[in-house]
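Novice: Here is how the chains run, residue by residue.
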Amino acid sequence: MSLEDFAGTIESGMTIGIGGWGSRRKPMALVRALLRTDVRDLTVVSLGGPDVGLLCAAGKVRKLVYGFVSLDSIPLDPHFRAARESGAVEVAEYDEGMYVAGLRAAAQRLDFLPTRAGLASDVLTMNPDLRTVASPYGEEEYVAMPALRTDVALIHLNRADAAGNGQYLGPDPYFDDLYAMGADRCFLSCEEVVPTGRLLAPGEDGRSAPVQSLLVGRIYVTGVIEAPDGAHFTSCVPDYDRDEAFQKEYAAAAKDPDAWRTFEQTYLRGGEDAYRAAIAGRAAVGADERNA
Amino acid sequence: MEFTRAEVCIAAASDSWRDAGEVLAHAVGTVPVVGARLARMTHSPDLVLSDGEAFFMAEPPPLGRTAAAGGVIEAWVPFRRVFDVLQSGRRQSMMGASQLDRYGNQNISAIGDWRRPKRQLIGVRGAPGNTVNHRTNYWVARHSPKVFVERVDIVSGVGNDRAREAGGAALRFHDLGVVITDLGVLDYAADGTLRIRSVHPGVTVEEVQRSTGFAIDGTDATETRAPTPEELRLIREVIDPSSARTREVAG
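Chains as they are written, first to last, in my numbering: chain A, 5 to 296; chain B, 18 to 268.
Certain hints may be false.
Claimed, not checked - Derived pair list, reagent style DSSO-like, types lysine-lysine, alpha-carbon separation capped at 27 Å:
1) A/K259 to A/K67
2) B/K163 to A/K67
3) A/K67 to B/K135
4) B/K163 to B/K135
5) B/K135 to A/K259
6) A/K259 to B/K163
Quick caveat, the hints were computed from the structure, so don't treat them as lab data.
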């Protein structure tokens with residue numbers, strides 16, 4: 005399906021899970037498609053990076069559920085920082101392990117999973133809804149981490165077939181399978197849609213991807229969107245690394261309202277093709293400057 | 018042999034993993050990372066190092082680089098497995114702290130009221146889970162009253178008073194070890210409060226007390242040991258030849 009068709013299915017007020025981790029393999033083309041719609045009041049569930057930053061900057065977020073919001077090489081997303089310091093969004097901040105327990109509970113259709121993480125910390129203060137649960141077998145009491153169930157999950161993988169069998173080719177699956185399983189619907193974007201037989205076929209070097217790379221099965225996927233460079237400017241190893249120069253430009257622009265308007269005008273006002281053209285033009289200018 | 022303050026801190030960080038056993042050394046910051054590698058190369062060969070990404074390393078890659086830059090991979094540990102490791106308890110951390118109070122409560126989340134913080138920091142990250150699952154030490158590159166405060170704004174890492182008060186599952190594996198700073202090494206007295214275990218060569222107990230935002234006992238403080246010539250060789254020639262450590266600790 006197209007990015008526009010995907011974006012047309014998202015409604016204001018939905019709870020949206022976003023895969024990847026920090027500034028790594030984020031479904032940025034899907035996020036950019038959302039930026040071009042008028043949906044708002046979203047609850048965003050994310051181990052956040054620039055996906056969260058961009059949605060906050062566009063005023064689309066009502067509530068943010070996160071383990072962290074980081075650009076990795078830059079410790080904190082500036083839009084997220086601004087949203088927190090201005091009190092613009094409601095938040096649920098969890099320990100990273102608690103957050104993962106919440107994803108697992110959602111994937112298993114459980115109300116909660118018990119975890120030690122969070123006990124005695126201010127995570128309980130910051131989330132007054134959190135409850136503990138007593139072990140029926142012993143004396144211990146654990147945090148009952150509620151399921152992070154979502155209406156829609158957005159994930160980006162290296163490859164998929166048209167039916168929605170998705171494959172990651174980098175070293176880390178992150179939690180994309182859990183997001184897919186814990187959502188009513190999952191939209192999967194990928195660098196390349198390939199015939200099913202090519203997922204494990206030998207490549208030009210004669211080597212095949214291991215069967216363990218087939219992370220997400222079609223039973224969990226509603227729609228597949230081919231989006232080359234669809235994780236840009238986050239990393240999508242081995243297809244590409246993070247675009248550190250562009251991320252720096254994003255973070256610098258995010259700190260200044262005028263610079264941000266220019267950034268939006270340059271990169272985010274057109275469609276995905278226009279975004280890719282602007283990135284390509286920027287790369288060409290960079291190369292010319294290096295060669296000059 | 019001449020040595021720098023950073024090198025004293027690294028040797029102290031290395032000592033924090035002494036007798037930790039066959040566990041993952043989780044280290045945040047240059048001094049802790051160099052310290053963990055030094056521990057592995059000297060007194061604790063069974064220690065497990067990671068590249069900070071998806072791999073455990075039999076031979077670590079160059080400092081600050083991932084497995085892609087070299088080294089020998091011995092296990093696959095994507096982020097989801099890191100949480101399995103820490104919940105199994107086979108891990109010992111040295112984390113940073115934006116604020117730390119007398120009971121070892123640590124804050125890395127935000128300054129001010131969490132509803133609308135004056136300054137958003139990196140968030141609680143894994144601190145709540147780390148501190149109730151395995152031994153946790155801290156590294157503070159600039160010992161000051163701004164870091165060592167009477168009460169932290171948000172308890173990210175659980176301190177001794179909070180763990181004891183909660184008891185049960187919160188206390189079972191809770192284990193705070195030491196706090197290493199650019200001025201000295203702190204540990205916890207029987208009542209769970211921080212005290213000065215040692216001051217680094219050239220630092221006085223009074224200087225540490227002046228730099229701490231609450232009263233801290235220095236009665237039994239000794240002098241932090243000097244790094245050995247072999248440790249200095251490993252730090253300077255093998256682990257950190259580009260002197261990344263001097264960007265974290267001056268001198």
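Novice: Now tell me if each hint is right for this structure.
Specialist: Status of each hint after checking the structure:
A C-alpha spacing of about 22 Å is found between A/K259 and A/K67, which places the hinted pair at or below 27 Å, so the restraint holds. Annotation: proposed proximity of B/K163 to A/K67 is violated, straight-line Cα distance about 31 Å (limit 27 Å). Of the pairs offered as hints, the one joining A/K67 and B/K135 holds, with about 19 Å between alpha carbons and a cut-off of 27 Å not exceeded. The straight-line distance between the Cα atoms of B/K163 and B/K135 is roughly 15 Å, inside the 27 Å bound, and the hint therefore holds.
Between B/K135 and A/K259 the CA atoms are separated by roughly 16 Å; this keeps the pair inside 27 Å, and the hint holds. For the proposed pair A/K259 and B/K163, the alpha carbon gap of about 25 Å is at most 27 Å, so the pair holds.
Hint violations for this structure: number 2 only, all remaining hints satisfied.
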